[in-house]
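Engineer: Each chain, letter by letter, is given below.
Protein chains: 2
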Amino acid sequence: MVSKCGKSSYILSTKPSILCEGAVVGRTEGEGPLKEYFDKIYYDSASSQESWEKSESLFQQQAFLEALEKGKLKPKDIEVMFSGDLLNQCISSSFGLLEFSVPYLGQYGACSTMAQTLLLSGLFVDSGIVSLAAAVTASHFCSAERQFRFPLEYGGQRTPTAQRTVTGGGCAIVGESTPGKPCISAVHIGSMVDLGIKDANNMGAAMAPAAAQTISSFLTDTETKPSDYDLILTGDLGEVGSKLLYELMLKDGIDISSRHKDCGLLIFDREVQDVHAGGSGCGCAASVLCAYILPKIASGELKNVIFAATGALMSPTSSQQGESIPGISHLVNLSFG
Amino acid sequence: MVSKCGKSSYILSTKPSILCEGAVVGRTEGEGPLKEYFDKIYYDSASSQESWEKSESLFQQQAFLEALEKGKLKPKDIEVMFSGDLLNQCISSSFGLLEFSVPYLGQYGACSTMAQTLLLSGLFVDSGIVSLAAAVTASHFCSAERQFRFPLEYGGQRTPTAQRTVTGGGCAIVGESTPGKPCISAVHIGSMVDLGIKDANNMGAAMAPAAAQTISSFLTDTETKPSDYDLILTGDLGEVGSKLLYELMLKDGIDISSRHKDCGLLIFDREVQDVHAGGSGCGCAASVLCAYILPKIASGELKNVIFAATGALMSPTSSQQGESIPGISHLVNLSFG
Numbered sequence: 013m014v015s016k017c018g019k020s021s022y023i024l025s026t027k028p029s030i031l032c033e034g035a036v037v038g039r040t041e042g043e044g045p046l047k048e049y050f051d052k053i054y055y056d057s058a059s060s061q062e063s064w065e066k067s068e069s070l071f072q073q074q075a076f077l078e079a080l081e082k083g084k085l086k087p088k089d090i091e092v093m094f095s096g097d098l099l100n101q102c103i104s105s106s107f108g109l110l111e112f113s114v115p116y117l118g119q120y121g122a123c124s125t126m127a128q129t130l131l132l133s134g135l136f137v138d139s140g141i142v143s144l145a146a147a148v149t150a151s152h153f154c155s156a157e158r159q160f161r162f163p164l165e166y167g168g169q170r171t172p173t174a175q176r177t178v179t180g181g182g183c184a185i186v187g188e189s190t191p192g193k194p195c196i197s198a199v200h201i202g203s204m205v206d207l208g209i210k211d212a213n214n215m216g217a218a219m220a221p222a223a224a225q226t227i228s229s230f231l232t233d234t235e236t237k238p239s240d241y242d243l244i245l246t247g248d249l250g251e252v253g254s255k256l257l258y259e260l261m262l263k264d265g266i267d268i269s270s271r272h273k274d275c276g277l278l279i280f281d282r283e284v285q286d287v288h289a290g291g292s293g294c295g296c297a298a299s300v301l302c303a304y305i306l307p308k309i310a311s312g313e314l315k316n317v318i319f320a321a322t323g324a325l326m327s328p329t330s331s332q333q334g335e336s337i338p339g340i341s342h343l344v345n346l347s348f349g
Numbered sequence: 013m014v015s016k017c018g019k020s021s022y023i024l025s026t027k028p029s030i031l032c033e034g035a036v037v038g039r040t041e042g043e044g045p046l047k048e049y050f051d052k053i054y055y056d057s058a059s060s061q062e063s064w065e066k067s068e069s070l071f072q073q074q075a076f077l078e079a080l081e082k083g084k085l086k087p088k089d090i091e092v093m094f095s096g097d098l099l100n101q102c103i104s105s106s107f108g109l110l111e112f113s114v115p116y117l118g119q120y121g122a123c124s125t126m127a128q129t130l131l132l133s134g135l136f137v138d139s140g141i142v143s144l145a146a147a148v149t150a151s152h153f154c155s156a157e158r159q160f161r162f163p164l165e166y167g168g169q170r171t172p173t174a175q176r177t178v179t180g181g182g183c184a185i186v187g188e189s190t191p192g193k194p195c196i197s198a199v200h201i202g203s204m205v206d207l208g209i210k211d212a213n214n215m216g217a218a219m220a221p222a223a224a225q226t227i228s229s230f231l232t233d234t235e236t237k238p239s240d241y242d243l244i245l246t247g248d249l250g251e252v253g254s255k256l257l258y259e260l261m262l263k264d265g266i267d268i269s270s271r272h273k274d275c276g277l278l279i280f281d282r283e284v285q286d287v288h289a290g291g292s293g294c295g296c297a298a299s300v301l302c303a304y305i306l307p308k309i310a311s312g313e314l315k316n317v318i319f320a321a322t323g324a325l326m327s328p329t330s331s332q333q334g335e336s337i338p339g340i341s342h343l344v345n346l347s348f349g
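Line by line, the protein sequences are chains A and B. Under our numbering, the letters of the first sequence match residues 13 to 349, in that order. Under our numbering, the letters of the second sequence match residues 13 to 349, in that order.
Because identical chains cannot be distinguished in the list, a pair is counted as satisfied if it fits within a single copy or across any two copies.
Result set (DSS-like, lysine-lysine): computed pairs, CA atoms no more than 30 angstroms apart in a straight line:
| hint | residue 1 | residue 2 |
| --- | --- | --- |
| 1 | Lys82 | Lys16 |
| 2 | Lys19 | Lys86 |
| 3 | Lys16 | Lys27 |
| 4 | Lys315 | Lys19 |
| 5 | Lys27 | Lys88 |
| 6 | Lys16 | Lys86 |
| 7 | Lys210 | Lys88 |
| 8 | Lys308 | Lys82 |
| 9 | Lys47 | Lys84 |
| 10 | Lys19 | Lys88 |
| 11 | Lys16 | Lys84 |
| 12 | Lys84 | Lys19 |
| 13 | Lys255 | Lys210 |
| 14 | Lys315 | Lys47 |
Derived by calculation from the structure, the hints in this document are not laboratory data. Being a predicted model, the structure only gives us computed values, none of them experimental.
Construct the complete structure from the given sequences, taking the supplied hints into account.
Structural biologist: Here it is as structure tokens:
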């Protein structure tokens with residue numbers, strides 16, 4: 013039974029559990045600091061597919077299959093699937109997940125997709141609409157570069173504020189409360205925020221205001237403070253966006269710096285790997301959450317976690333037409349079962 | 013309280029009502045047979061905006077504002093907004109609805125978006141998650157042609173099976189059961205279907221199998237038959253897709269021809285207007301449902317209606333890579349309050 017709390021936070025009283033999860037990544041991610049945590053690493057940039065888009069679809073599919081396998085589940089057990097991605101018309105979700113014939117609600121939250129799909133899965137299970145829901149997403153460095161920036165063959169220089177789209181996917185399957193599994197205690201549905209950032213090579217700055225608004229609102233709604241959480245995890249603000257997030261929240265008198273980590277900074281070693289301001293993309297938050305964070309909650313190493321992924325709701329067309337970049341951030345509060 | 017019924021249908025026991033709705037369209041739609049029903053008609057193809065994309069955003073915004081006005085509501089009364097569109101990264105939704113600062117969950121269901129957003133609004137209200145939810149979508153002939161087919165200036169010939177993307181938007185605001193308002197009795201979450209159609213100029217054929225599967229499953233799940241409904245309304249199958257739908261359903265022994273109408277055939281007069289196989293796009297089902305059908309349910313002229321919108325989950329990239337076109341259809345059962 014969901015109960016609303018404050019402006020846009022919701023307490024999930026049955027505490028639905030994340031029963032199982034899958035995370036698969038590409039080579040650069042598989043050479044980073046989290047390499048031992050992923051279920052599968054593909055070392056070929058197209059993961060033996062004919063195109064990067066098909067490779068991205070494969071990451072959606074494999075993340076879902078890994079999660080099913082761990083949970084000893086079959087596709088037909090899943091009553092509803094929420095999925096989305098960054099590709100035009102979300103084709104990596106549709107083509108990757110088509111064959112499973114699972115009731116499907118396509119989502120568009122850009123890089124906030126893992127939080128958005130997990131939030132919806134939690135609400136559906138807590139309300140008793142379904143017993144099992146899947147949250148799936150993926151992204152791919154090569155398909156994103158081609159679509160949002162330049163063809164890789166062009167060899168364009170990337171700015172220091174640019175982030176590297178993670179090649180990877182993640183899936184979390186949500187079901188009824190189960191001891192020993194990470195549970196979803198609360199969620200917050202974000203609103204769009206636009207502070208006028210227009211630089212498509214600085215997504216962290218465009219998305220930080222949305223993260224600040226969502227985290228602040230959630231703390232206010234639930235009457236909690238940063239020290240009530242072991243970890244406040246953002247999706248892919250990277251180096252630039254994370255610093256801006258601290259600054260913006262400090263203006264509201266909230267200091268999250270000692271609790272905060274960002275998936276885009278966890279997944280790569282910026283000293284060694286050429287990833288500029290850190291990782292980004294739907295697959296960044298998805299693969300880090302599923303591979304690295306959820307097991308730590310399951311083991312009790314982390315007891316109370318805020319997961320706030322952010323998305324930039326722009327397109328190359330809107331940028332070419334001179335529009336700024338609206339951001340959004342959805343939040344899932346995860347707790348030790 | 014939502015209760016599951018059969019494989020993927022859900023009965024909404026509190027029967028949430030559609031409290032108010034808005035529908036705005038462009039010139040061609042405003043010259044068609046439904047012209048007297050729309051709230052607003054823009055006669056300039058860009059509706060005084062700088063680009064077609066911004067014009068499409070305006071349709072989202074105006075549909076929402078018309079609905080709010082009829083319901084004597086303010087944006088801050090809406091607890092969650094579900095919206096999506098056909099543009100890359102769903103920018104007509106994000107830029108059109110940004111200013112309202114409403115908690116926002118972006119959807120991608122292609123031309124099934126009106127059914128998908130309405131279905132989610134109904135489930136959220138029936139479960140008690142929120143009291144007021146908005147379902148919004150729009151499409152634009154010129155932005156869709158440029159993005160999916162050819163620049164209009166190229167003057168390409170369209171095939172007889174091609175449909176004309178509707179320039180228009182619709183919004184329905186869902187709240188608690190209210191006598192005299194159309195209510196959502198049940199919904200069905202569709203699964204993707206792909207029978208191998210690859211012709212991007214024949215979307216009706218690509219989407220008909222999904223409509224057939226969804227309508228058949230819903231009838232089976234709810235143990236009802238076509239004659240139990242006054243109207244079985246599809247979103248935008250057009251002339252070609254509607255005929256295919258009858259054929260596919262007849263194979264299952266179900267004849268819907270006497271009950272069926274398609275929004276894509278209602279919105280234009282194909283004898284007089286140069287629209288080939290009929291209307292299409294998110295705005296087609298949205299504007300016809302909101303302007304023409306919902307008032308007929310409110311008045312009791314229609315008592316029990318199946319609204320099954322369909323979407324083609326492809327992109328120009330997937331078509332260029334030789335992929336077929338997966339379809340999906342979501343269903344909302346609307347009843348006289």
